[in-house]
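Q: Following the hints, complete the assembly by docking chain D onto the known chain W.
Chains W and D are the protein sequences, given in the same order.
Position 50 of the first sequence, counting from 1, maps to 50 under the working numbering, and the rest follow consecutively.
Position 339 of the second sequence, counting from 1, maps to 339 under the working numbering, and the rest follow consecutively.
Worth flagging that the hints you see were computed from the coordinates, not collected in a lab.
Check the hints yourself; a few may be wrong.
You can't tell identical chains apart in this list, so a pair holds if it fits in one copy or across any two.
Here are the simulated lysine-lysine pairs, DSS-like style, with alpha carbons at most 30 Å apart [said to hold, decoys possible]:
1) Lys96 x Lys278
2) Lys251 x Lys263
3) Lys314 x Lys251
4) Lys84 x Lys223
Nothing here was measured: the structure is a model prediction, and the numbers come from that model.
Number of protein chains: 2
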Amino acid sequence: MGSLLTVSLDAMGGDHGLPVTVPAAIAALADHPNLALILVGDQDMIRQELENHKYPNSDRMQVQHASQVVEMDDKPAQAMRFKKDSSMRIAINLVKEGSADACVSAGNTGALMATARFVLKMLPGIDRPAICGILPTMPGFCHMLDMGANVDSTADNLFEFAVMGSVLASAVNNIESPSVGLLNIGEEEIKGNEIIKQAAQMLSESQLNYVGFVEGDGIYEGKANVIVCDGFNGNIALKASEGVAKMFSFKIKQAFTKNIFTKIAALIAKPVLNNFRKSLDPRRYNGASLLGLQGIAIKSHGGADVLAFKTAIKQAVIEIENRVPEKISEQLEALLVNPRDDS
Amino acid sequence: MGSLLTVSLDAMGGDHGLPVTVPAAIAALADHPNLALILVGDQDMIRQELENHKYPNSDRMQVQHASQVVEMDDKPAQAMRFKKDSSMRIAINLVKEGSADACVSAGNTGALMATARFVLKMLPGIDRPAICGILPTMPGFCHMLDMGANVDSTADNLFEFAVMGSVLASAVNNIESPSVGLLNIGEEEIKGNEIIKQAAQMLSESQLNYVGFVEGDGIYEGKANVIVCDGFNGNIALKASEGVAKMFSFKIKQAFTKNIFTKIAALIAKPVLNNFRKSLDPRRYNGASLLGLQGIAIKSHGGADVLAFKTAIKQAVIEIENRVPEKISEQLEALLVNPRDDS
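For reference, chain W alone in the conformation it holds in the complex (with noise of 0.2 Å):
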């Protein structure tokens, strides 16, 4: 493939399946040049669908047949044990293999998860994977891990997690010393969580840009450039800020067509609040990491878009152009060797 970068993709994954992963595919390999892809399922589906987007034959766009598909129901046991011809698992096969330099999957998260870790292993001197997803804020954005591959984390996970993300805002973003904060709740008179106390001590030790206790609404004032969190808080912060995003969404919209006078203010502020809602289009933030692991694993949200499921892609391109889990093996080690290294 030359100098291309490789990307392989769980075709079948997600709610939509083919009719979003192709286009999106399609669409990334126009706007990356040095992009390849691997189309990973049903090759006469896939076929089928790269027909109907008239794509012509390309050394660019590979199709790789897989008989099975992961539900979004499946256990991730099942899926492991019983699903070892299935789109998920070929696409991050073919990355252990190292015809893939990164999978892309909008499939079974917990299923992803599992597989991931099962068949790339993890870093050496990682204890748990994470999900590390970006959030917008208000001065721009913040990586936030964990997400949800793990409910009950230790302090060494979350300083683990750490690190991970820290690695990861630094080469994505191109920050030098990206600053990290713990979620925590931060009035002081009640007690503290022990685990997320002692990650604190951990953490003012280390080399990281530790900024101390971030707040929840401290993760959209850009109070840290990572936020770390285990996957229980962290799923319950991201889902509560959907939930209220939507509430929003529709409190606007049922506003604005409240009557004939409210709907000729919309008309007219229809632009604006098309850019209002650009900005904070969850497609354009789509695609969380899988940190932690002996390769790059992206996954999407079940439901994306074409233009979202490309997001994601994109994100797999820049995960690899940085070389992301050398780097989080290469911080750990210097964090390790210089736990306290104050020069």
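A: Frame of chain W; chain D shown alone:
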């Protein structure tokens, strides 16, 4: 006082103190003809503030002197030990003595919780108090607890929160059997938290109208009248939600002030946007209930303005009228006597 309902106010509490609490008190008396208030704090300053507002002497507005003030950064234990003549403490004492039917404070949450618990005592059968707040949802609003009184909660605690929240929602909103959901991360493939699973088991076997797990976004979709969670998750969810709401407002403002055209659009859209803002105005939801105590105590947001503090006073009135603590006791007794009565 005849048939008047009496509420004691920590007049010195909150970020703003008297300039907020006194006019809010005046406005609340105008709103509720059956209400009497006791303003607790520095009597000279209170009388001065009443004079500033040209408020005539009235039997319904008493002043009770307190020589100390609990500061926002006082530790709960310190406040309890060294500030026995604080406006907060006296306001709570008045409830204990029966001179007031409820108290309201915008002061230090931890100190208020600890003092209220110490002075008023827990209801028999309730292990821990909980802070229960009101959140707007797409169809209306819901009650969420605990919002931060406890960091770690057992399954028994969560069950008690469910009982208390259910009673509050029922009494306050006149819903016969409020739906109760447990906040959880929804994805089945992730190993659920054992405490939550156990609480779910207890709730599904109880006579409460338990509707199952609710994810973060389900809060705002109105999936349940009462959302039960531990204080850590509740606080994270609440603050993250507030953060998103602020970011939305910020980005809308940004979009509408970009240039002369967007500013014109803003002028036209203003009444609509104001209506929208009003429907989500946090001041309309101010006043969290400290549940589980032998008495009614309401926590106002520290940064509350006059309208917000008046809403908190109204919440106290509603809880007095609905005998919330007594009903919690009754409900708890009924549930413990007939834990599995499916008739």
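Q: Determine for every hint whether it applies to the structure shown.
A: A quick look at each hint next to the structure:
no., hint, in the structure
1, Lys96 x Lys278, "neither (37 Å within a copy, 54 Å between copies)"
2, Lys251 x Lys263, "both (14 Å within a copy, 22 Å between copies)"
3, Lys314 x Lys251, "between (33 Å within a copy, 25 Å between copies)"
4, Lys84 x Lys223, "neither (43 Å within a copy, 37 Å between copies)"
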